[in-house]
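Model the full structure from these sequences, guided by the hints.
Take a look at the letters that make up each chain.
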Amino acid sequence: MATTATDTSAYTHDHGNAHVDDRPFIRKYIFSTDHKIIGIQFLIMSLTFLLLGGTLAMVMRWQLGFPGKPLPGGTLLPETYTNNGVVLPEFYNSAVTMHGTFMVFFAIMPLLVGVFGNYLIPLKIGAPDMAFPRINMASFWTAVPAGLLMLAGFFVEGGSAAAGWTSYAPLSARSDLTGVHLGQIFWCLSLIILGLSSIMGSFNYITTVINMRAPGMNWFRLPLSIWALFVTACLVLLAIPVLSGAAILLLFDQTIGTHFFDPQAGGQPLLWQHLFWFFGHPEVYILILPAMGMASDIIANGARKPIFGYTSMVLAIISIGFLGWGVWGHHMFQSGMNPTLGTTFMISTLLIAVPSAIKTFNWLGTIWQGNITFHVPMLHALAFVSMFVIGGLSGVFMAASPFDIYIHDTYFIVAHLHYVLFGGSLFAIFAAVTYWYPKMFGRMMNPFWGRVHFWLTLVFYNFTFFPMHQLGLHGHMRRIYDPTQYAFLREMQPVNQFISISAFCLFATQFLFAANFILSWFKGEKAPNNPWLDNGLEWTLPSPPPHGNFATVPTVYRGPYEYSSPHSDLDYIPQNVPTPGGAGAAHPQPAGD
Amino acid sequence: MDKLLSWMLPPGASTFVGDIDWIYYLILAVTGIAFVLVEVALIVFLIRYRKRPGRKATYIHGSNRAEIIWTSVTAVVVVIIGILSAPAWNKIKGREGVPPNAMPIGIEAKQFEWNVTYPGPDGKLGTADDFTIRGQLHVPVDRPTVAMLTSQDAIHSFFVPSFRIKQDAVPGMHIRVWFQPTKVGEYELGCAELCGLGHYRMRAVVTVHTQQDYDRWVASQAHSVAQR
Numbered sequence: 252m253a254t255t256a257t258d259t260s261a262y263t264h265d266h267g268n269a270h271v272d273d274r275p276f277i278r279k280y281i282f283s284t285d286h287k288i289i290g291i292q293f294l295i296m297s298l299t300f301l302l303l304g305g306t307l308a309m310v311m312r313w314q315l316g317f318p319g320k321p322l323p324g325g326t327l328l329p330e331t332y333t334n335n336g337v338v339l340p341e342f343y344n345s346a347v348t349m350h351g352t353f354m355v356f357f358a359i360m361p362l363l364v365g366v367f368g369n370y371l372i373p374l375k376i377g378a379p380d381m382a383f384p385r386i387n388m389a390s391f392w393t394a395v396p397a398g399l400l401m402l403a404g405f406f407v408e409g410g411s412a413a414a415g416w417t418s419y420a421p422l423s424a425r426s427d428l429t430g431v432h433l434g435q436i437f438w439c440l441s442l443i444i445l446g447l448s449s450i451m452g453s454f455n456y457i458t459t460v461i462n463m464r465a466p467g468m469n470w471f472r473l474p475l476s477i478w479a480l481f482v483t484a485c486l487v488l489l490a491i492p493v494l495s496g497a498a499i500l501l502l503f504d505q506t507i508g509t510h511f512f513d514p515q516a517g518g519q520p521l522l523w524q525h526l527f528w529f530f531g532h533p534e535v536y537i538l539i540l541p542a543m544g545m546a547s548d549i550i551a552n553g554a555r556k557p558i559f560g561y562t563s564m565v566l567a568i569i570s571i572g573f574l575g576w577g578v579w580g581h582h583m584f585q586s587g588m589n590p591t592l593g594t595t596f597m598i599s600t601l602l603i604a605v606p607s608a609i610k611t612f613n614w615l616g617t618i619w620q621g622n623i624t625f626h627v628p629m630l631h632a633l634a635f636v637s638m639f640v641i642g643g644l645s646g647v648f649m650a651a652s653p654f655d656i657y658i659h660d661t662y663f664i665v666a667h668l669h670y671v672l673f674g675g676s677l678f679a680i681f682a683a684v685t686y687w688y689p690k691m692f693g694r695m696m697n698p699f700w701g702r703v704h705f706w707l708t709l710v711f712y713n714f715t716f717f718p719m720h721q722l723g724l725h726g727h728m729r730r731i732y733d734p735t736q737y738a739f740l741r742e743m744q745p746v747n748q749f750i751s752i753s754a755f756c757l758f759a760t761q762f763l764f765a766a767n768f769i770l771s772w773f774k775g776e777k778a779p780n781n782p783w784l785d786n787g788l789e790w791t792l793p794s795p796p797p798h799g800n801f802a803t804v805p806t807v808y809r810g811p812y813e814y815s816s817p818h819s820d821l822d823y824i825p826q827n828v829p830t831p832g833g834a835g836a837a838h839p840q841p842a843g844d
Numbered sequence: 023m024d025k026l027l028s029w030m031l032p033p034g035a036s037t038f039v040g041d042i043d044w045i046y047y048l049i050l051a052v053t054g055i056a057f058v059l060v061e062v063a064l065i066v067f068l069i070r071y072r073k074r075p076g077r078k079a080t081y082i083h084g085s086n087r088a089e090i091i092w093t094s095v096t097a098v099v100v101v102i103i104g105i106l107s108a109p110a111w112n113k114i115k116g117r118e119g120v121p122p123n124a125m126p127i128g129i130e131a132k133q134f135e136w137n138v139t140y141p142g143p144d145g146k147l148g149t150a151d152d153f154t155i156r157g158q159l160h161v162p163v164d165r166p167t168v169a170m171l172t173s174q175d176a177i178h179s180f181f182v183p184s185f186r187i188k189q190d191a192v193p194g195m196h197i198r199v200w201f202q203p204t205k206v207g208e209y210e211l212g213c214a215e216l217c218g219l220g221h222y223r224m225r226a227v228v229t230v231h232t233q234q235d236y237d238r239w240v241a242s243q244a245h246s247v248a249q250r
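Sequence lines, in order, name chains A and B.
So the first sequence is numbered by this note's numbering: it starts at 252 and just counts up by one.
So the second sequence is numbered by this note's numbering: it starts at 23 and just counts up by one.
Hints may be right or wrong, so weigh each one.
To be verified - Dumping the calculated DMTMM-like pairs for lysine to aspartate or glutamate here, alpha-carbon to alpha-carbon at most 25 Å:
#1 B:LYS73 x A:ASP820
#2 B:LYS132 x A:ASP733
#3 B:LYS78 x A:ASP822
#4 A:LYS777 x A:ASP822
#5 B:LYS73 x A:ASP822
#6 B:LYS205 x B:ASP43
#7 B:LYS78 x A:ASP820
#8 B:LYS132 x A:ASP427
No lab work stands behind these hints: they were computed from the structure.
In structure tokens form, the structure reads like this:
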């Protein structure tokens, strides 16, 4: 069982006056220790970076679709970025690097972990707040300077980092190779600082889930979103220090004359890649596991049916958490590492497809024989499943190491990673934001504009990223500023133009989401406590929930997916209701089955 | 446009085409079937089980039988793909894979050019008749060539799409990469690893000659080098 009676009374006492909130504005909204406010702060920060990262993608797509043509508005940029409006290779490489860096570290990761880890964990497990609220506040206020420092790269001499988001040494270590000095240093410093933020967040989540579950909330009554966020927090805690360590070594190479990655003085460039990807592949699962978990919650709700195979879903999350540590070498098949390792990593990489497939089949099992409501979050969650399938299957091509020889570092991998990170993570984020928005802000988002945004995004997203598979199969290298330099790529230029125009439409569509998000905050319809008729504990609270969350500690009687149970006249039973409405089930239902 | 959006691989010109392309088509078939099954099932379920008034979803929590079936089928399929792929990997990248009769050349990458060192008429690298040419890779047809690949500065990546070969060139490392062209003609060599501002134009021309043409070309180059 989760917590003992004494534990519970301990935190009830602290937050006995949950509804009386007399904190001054600055403590309530700026330097708040309330996990809900911190979650919303992360949401605003990471959506801002999502917009910035998207803007940089538009710069790249302009240059790739129309190389040599002046970028609209390009003349407004400094002459180190554009020449008469035409994007310079310096700016292109910066855009490539910062697009990836912003999206991975300052948009998708904080959206999943920072926003929903913070917002959902205490609410869903029945806790008043995180285990360490002040450390939680420090975690957010450490992420902000990290983001500002990363942005500052654009305003210093030499521009921002330009060695790719993977920062391969020695390119990233020697400013004579890129012409960027301060920008590369800022990149390292920013990620070291951001790492502190992630570490503070992750041990907080782990402690909270282990120690602060409400009575009755045993491990097998946890929502899959919480399971996923818990395993993700473990991955963050173990993986981020590796990145921080590597970034510190790189920073030393850049600034104080060490040569960890410089072969001219006995260093080893592949060391960077091993360290980076030893962090980087668990990172890939950090970016998808919470998306899987939240999509599971939303799909069960939309289908009005218990999640199919709860136990195997949990085991799949855990096994991804373990297997994710043994596959980093597939990023390095062509790097010159010992080819025998290539075979090992090929097998481990192919095996990690198994838990992903299990999850997909279980989602299908969940909607099978359901009674499906297509609310906006459900639409996004279903798009998540169908796009993640494409991203997962395209991964098999690269896992097979001999074929990877051909498609490594081509647009095939660009297509694959965007099917996982946009088609997967971002659709799940849209699902989660639209699902929990009423709880966060006390107002509903406009469902009509939500649908318009969903369908346009789905169409333009596929128009943008699907043809990249074909570009890759044709041999189109990634990260090249001007593909028309190559005769064999000139014939593919119409495809590049089609992708660029689709990308512009995709980008424009996102302003519908932004407008809906902002306007609903002020003008949206007032949200009821439980707009989606969900079983989770957060939906038993007012929207938005008060500081301290639960006036009395809830008791949990069953798992979170009891939809359409024959024990109730309604098609859902909240987790904290002792006896389901109507039918005479005197005994609490055991979790799962 | 529809021709450009083909699932076929472009024509190749080395023996690796035979080793690699069928793996692609195999995976394309397997993943294509999986894709169609999953997406069709998804769409059928969404239509068939859409919300209707007065109906309740079926109250079931899963099926161990279904879990065992789809877990084991997926595991068997991916392991088979791995087993079928391993020989080609060992042949192309394995340290024992380089044919003993391969013609040795040296390739040194630097920002943003490919410098190729040829063994000269004696066929041996490291002798006085070696000569180095920038931005041109000349090789004989139907005979394996093995390049000792390295880099002077950043990491570059040697990529000849028509030969289906790619190998990073890493400073401080000398990596052997081999290939055997099968068709006389001109091809393109590109850099596939971001290496700096000129990464996008780090291009070279690959010329595959008949053996006689190649010998003639080597003789003429060696002669002009000797003249200098």
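Task: Violated hints - listed by number, lowest first - done: Violated: none.
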